[in-house]
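**Q** Since the structure of chain A is provided, determine the placement of chains B, C and D on it from the hints.
4 protein chains.
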Amino acid sequence: MSADVAIARARVEASFARQTVMETIGARLLSVAAGAVEIGLEITPRVSQQHGFVHAGIVATIADSAAGYAGLTLMPEGRGVLTAEFKINLMAPASGDRLVARGRVVKSGRLLTIAQAEVEAIEGDRTRTVALLTATLVAVENRQGVVD
Amino acid sequence: MSADVAIARARVEASFARQTVMETIGARLLSVAAGAVEIGLEITPRVSQQHGFVHAGIVATIADSAAGYAGLTLMPEGRGVLTAEFKINLMAPASGDRLVARGRVVKSGRLLTIAQAEVEAIEGDRTRTVALLTATLVAVENRQGVVD
Amino acid sequence: MSADVAIARARVEASFARQTVMETIGARLLSVAAGAVEIGLEITPRVSQQHGFVHAGIVATIADSAAGYAGLTLMPEGRGVLTAEFKINLMAPASGDRLVARGRVVKSGRLLTIAQAEVEAIEGDRTRTVALLTATLVAVENRQGVVD
Amino acid sequence: MSADVAIARARVEASFARQTVMETIGARLLSVAAGAVEIGLEITPRVSQQHGFVHAGIVATIADSAAGYAGLTLMPEGRGVLTAEFKINLMAPASGDRLVARGRVVKSGRLLTIAQAEVEAIEGDRTRTVALLTATLVAVENRQGVVD
Chain A
1 MSADVAIARA RVEASFARQT VMETIGARLL SVAAGAVEIG LEITPRVSQQ
51 HGFVHAGIVA TIADSAAGYA GLTLMPEGRG VLTAEFKINL MAPASGDRLV
101 ARGRVVKSGR LLTIAQAEVE AIEGDRTRTV ALLTATLVAV ENRQGVVD
Chain B
1 MSADVAIARA RVEASFARQT VMETIGARLL SVAAGAVEIG LEITPRVSQQ
51 HGFVHAGIVA TIADSAAGYA GLTLMPEGRG VLTAEFKINL MAPASGDRLV
101 ARGRVVKSGR LLTIAQAEVE AIEGDRTRTV ALLTATLVAV ENRQGVVD
Chain C
1 MSADVAIARA RVEASFARQT VMETIGARLL SVAAGAVEIG LEITPRVSQQ
51 HGFVHAGIVA TIADSAAGYA GLTLMPEGRG VLTAEFKINL MAPASGDRLV
101 ARGRVVKSGR LLTIAQAEVE AIEGDRTRTV ALLTATLVAV ENRQGVVD
Chain D
1 MSADVAIARA RVEASFARQT VMETIGARLL SVAAGAVEIG LEITPRVSQQ
51 HGFVHAGIVA TIADSAAGYA GLTLMPEGRG VLTAEFKINL MAPASGDRLV
101 ARGRVVKSGR LLTIAQAEVE AIEGDRTRTV ALLTATLVAV ENRQGVVD
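Quick mapping for you: the protein sequence lines, in order, are chains A, B, C and D. Numbering-wise (my numbering), the first sequence opens with residue 1 and increments by one. Numbering-wise (my numbering), the second sequence opens with residue 1 and increments by one. Numbering-wise (my numbering), the third sequence opens with residue 1 and increments by one. Numbering-wise (my numbering), the fourth sequence opens with residue 1 and increments by one.
Looking at chain A on its own, in the form it has when it is part of the complex (with noise of 0.2 angstroms):
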């Protein structure tokens, strides 16, 4: 691991444990390289909807999360992003044990990056995509409250 990878795994780890909302909903940062992030959600009853797979927008949640800290690792030091909008195509129903949501850069702007997230189901040894997200970020510095 080079020690620009390392700093850009610690700046989203520190991020990550201060997004409250992913303890809620029980997920957890898996990995961190250099455009590129996986967040993990066990599927439990907690995060259902009406008909037992997990709710749309959790799907959402941890898609953005990971596309959002992909951009993120591409950023220098000082800057944060935002999410300015996002699309989102649920592909198949969210259900099995867990959900993994691999973010990565597909186009790293001064001012907009894209990035997206494909999202997959495991049940036992199945894997399934579930979810394909399109995100367009914006960089924010100097702004109050908003860094990494």
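Don't read these hints as lab results, they were simulated from the structure. Glycine included, every Cβ here is placed at the ideal spot set by N, Cα and C. Errors might be hidden in some of the hints.
[As the list claims (entries may be wrong)] A short, non-exhaustive set of chain A residues, derived as facing chain C with CB atoms under 10 angstroms:
(1) 34
(2) 111
(3) 136
**A** Frame of chain A, contents of chains B, C and D only:
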């Protein structure tokens, strides 16, 4: 309130009560009318991202449900709706006392329904629009576990 | 008409005249107000897809321009707008005599502007909504070639 | 080339030839494989927006068709596809000699198909990715005029 609206309300209330995620995040159903549903969320640390705002995915969770249930109010009995995809613009940080997501049907079709939701943040007597979601809902019928 | 609206109109008209694609597809500027612009398109075979409807991309072309120019009417002089992304729902086949795209600003920001456009198809005295677009516009300044 | 691919190619070629808009904008079909279609566009003033770049809606036109035809290659005969919605991120100004839109199916379903298209701008021997589109396609059958 007409008989139809009373039936739609009972249907949405029963379905909402099965969305255990709503209790997890602290959301509740505020109102149900034909083609229009409102969901409220108290802003507490349990739904926060790293800067103290409500996480975009949680904003999306109540917006998606408000849009989806607006769609459900117009569906014949025995049919459920699933979100095929949604897109959300986050226009301002979601902070304040509470959020209200107001969903409404834009176009109801036999197979696909388009619905939108606007999310407002309320702080004291100030109200700001913080997000706008557009969803494509797909009607499902006779599929095990997917009713209402 | 106020002086401001007159200036915005002149600005949008001059820019529209430089959009040679509009002549190619047969579109023209119908109206300009503060935060709202309308563009019309005659439905002819030159914009058809394989089933004889107007191609979704051409519907998007007039909708994106109506939304973008709506955003431009609220920008200080010397600033242009570029579309960072848009999403469009095609709600019904685009057929009839002509289309009208009605763009309006949802939220105007220093950096990002959110605008929407609704597209209607007109056939004789019947009008149907055929598409709904939401766009994120980014303000650009001092960039060569990108003014208005 | 397998018999199946030959049939898909003939089918897409025949449909593309009926898309008169493609001749209007100067686009042509470059390649057809199972689940993947490429469309090219010469960059000429007739597709320009006000800054001299290819209009976002025209970029969307070839991207949507590349994605839609990628979906069509996987459909049983007698079924057509319509775009229910798409979202496109414009990552860089579309300028240069020509554009190539590369569509591919992400998930093919009985009712809904998710497809993506990446658009590249080619100038001399340089290639840049300028746009990324995600579309939801709906399969239609036995509807007058909508086949392939």
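**Q** Does each hint hold? Answer for all of them.
**A** Here is how each hint holds up against the structure:
With its C-beta approaching chain C no nearer than about 24 angstroms, residue 34 (chain A) sits outside the 10 angstroms limit, and its interface hint is violated. Interface hint status for residue 111 (chain A): upheld, as the beta-carbon distance to the closest one in chain C is roughly 7 angstroms, under 10 angstroms. A distance limit of 10 angstroms between C-beta atoms decides the matter here; for residue 136 (chain A) the minimum to chain C is near 6 angstroms, and the interface restraint holds.
Hint 1 from the earlier list is the only one contradicted by this structure; the remaining hints agree with it.
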